[in-house]
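Add chain F to chain Z, keeping to what the hints say.
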Amino acid sequence: MTATDISERAAIDREHSLFLLREMLRIRRFEEKAAEMYSLQKIHGFLHLYIGEEATGVGGMQAFTQQDNIVATYREHGQALARSMPARVLMAEMFGKATGCSHGHGGSMHFFDVTRRFYGGYAIVGGGLPVAVGLALADKMQNRQAITGCYFGDGAVAEGEFHESLNLAALWKLPIVFLCENNLYAMGTALERYQAQTDISRKASAYGLSSSAVDGMDVLAVEAAAKQAADFVRSGNGPYLLESRTYRFRAHSMADPDLYRTKEEIESWKKRDPITLFERKLRELGMLTDPDLARIESEIAGEIEDAVQFAEASPQEPTEDLLKDVGGQATR
Amino acid sequence: MTKMTYREAVRAAMRKALRDDPRVFLMGEDVGRYGGAFAVSLGLLAEFGPERIRDAPLSESAFVGAGIGAALGGMRPIVEIMTINFSMLAMDQILNNAATLRHMSGGQLNVPLVCRVATGGGRQMAAQHSHSLEGWYAHIPGIKVLTPATVSDAYGMLLAALHESDPVFIFEHAILYPLEGEVDESAETFDITRAAVIRSGSDVSLITYGGTLGKTMQAADRLASEGIDAEVIDLRILRPLDTQTIVNSVAKTHRAVIVDEAWRTGSFSAEISAQIMENAFDNLDAPVARVCSAEAPMPYAKHLEAATLPQVDQIIAAAQELVPRHG
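Going down the list, the protein sequences come from chains Z and F. For the first sequence, our numbering assigns the number 2 to the initial residue and increments by one for each residue that follows. For the second sequence, our numbering assigns the number 573 to the initial residue and increments by one for each residue that follows.
Isolated chain Z, as found in the complex:
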């Protein structure tokens, strides 16, 4: 069965399709609100928006159960929301509040939720991959029936940790899906300007890994490909590299003037906006009406408004607790 066949079949399921649309919209609206809160100086530091890449976050996450481990990057709001982390603890984290998902220690780049096995946002490009390999190793050694989903961007492919991790995972046949979100830019440097081989999925073959690439703007295609990858891994075949080809519509971060790509390029990608594409498809299939969409948007708006109010009203972590969670302290 091809990915397209699976996509078509999945598309028949209206409830699930509306769920996927809703999840993508939830990320989009959350990120728009985050940008607004950054402009209002409620959020500081680096803020990397996921807008444009929602199909990868949402489609990919459908392949993982609550028993599985997730490792993400500093552009991890989409994965966190798709992993069912409440918008309010994410917003509170970015506001630097005690109620944030990392108690205000992490900010936008470092969301954690151990109860959801969301092992965090890693802001050293490629730095999460070895940790993900270790989580998969622990599962294998303890015979846990779980896999690890490891998200990273195309920039990570240039790091030694990518190559070391793929090799180690393949060598030890570890249960891990490496999910590369290829948005074509490592910060401001275009893929063809930093990679001699721009087909990332092909790099897997050097380590004997199975791999494939998928249209990262098509949520059903990403979901199908991620589920295929996860099934492959769950069957004990070792790791898998899935490359999702996508694009970020916003700049690298809020601090980025976006001087390195043309407006025409951005506009051409926006014509393939994963949310618009999916909405159109659902309407064509008669699965989505204006009232449906209005209801979804209204529910999301409520969740995000609540998130902002919660973050605003939440207390700050007391300064006295600054050292509380530092490891390796004297115990005597």
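The hints are simulated quantities; they were obtained by calculation from the structure and are not laboratory data. There may be inaccurate statements among the hints.
Quick look at which bits of chain F chain Z covers, simulated, 3 or more residues with Cβ under 8 Å [unchecked claim]:
1) 636-647
2) 709-716
3) 734-745
4) 798-806
For glycine and all other residues, C-beta sits at the position ideal for the given N, C-alpha and C.
For chain F alone, kept in the frame of chain Z given last:
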């Protein structure tokens, strides 16, 4: 008490941990079939098999990171890094992940990882196998830094480290592996909180750790024959530092010589000196002295390496400089 070498003590501790706790496994370069670059893990593969005595590729960053991930996933990994110079290849994982995850996650995660790292010079291994960089590690909040200098500590500190909930780095000075000593294998607990006064004295405190403890003890013996009564402190743990034992000693002797195989500039010896100044300034009768390695990459030739490393004569000279001549 059982007589054994430092190497055998580390191996005995690993064997005990592997037998007692199914979560423990050893991972590193050539730890299995080869038996360890320093033969520390020799024989463990036969007893515990390749799942638990795990040969890793030459990928320091990946296997240290995998140790972090495995620790997060419920295991108790012991990761061996062949030499401290190689550990530079894993520094991203060590600093940005191992030391950071607990705090950065708001206390949700902790990383019970034990890393064993061979350190130090004296074996003509030149500039990429011989440095003493453990002081760099001691700079990092979030981890513990242990430097066993005795056979007993080589055994006990590793077992204690495996009961910690946060990352512990154990630096084994490679010159110590053949050292013989006694181990109490029946002991239930082992201290990793306090420095040790190895020799009590009243005229000067000689403060050291790891590979230079032997030379410092030799210096103390020779100083005694000259009528200078030196106290010798083995720091044992660089982080968290047992400042109190240092301060107590200096309060008694009023003089301190720090002996450290690392370089002098921006070093752990500078930290000890600062701690003495901050906490025992009024007790000092003389400036703190330091005996460190020459500020050069470690050379290969025997005479050059010897000229680079701290030597007994230098320790003696430094102590003599501080202690007023009797009569």
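Mind listing which of the numbered hints don't hold for this structure, in increasing order?
4
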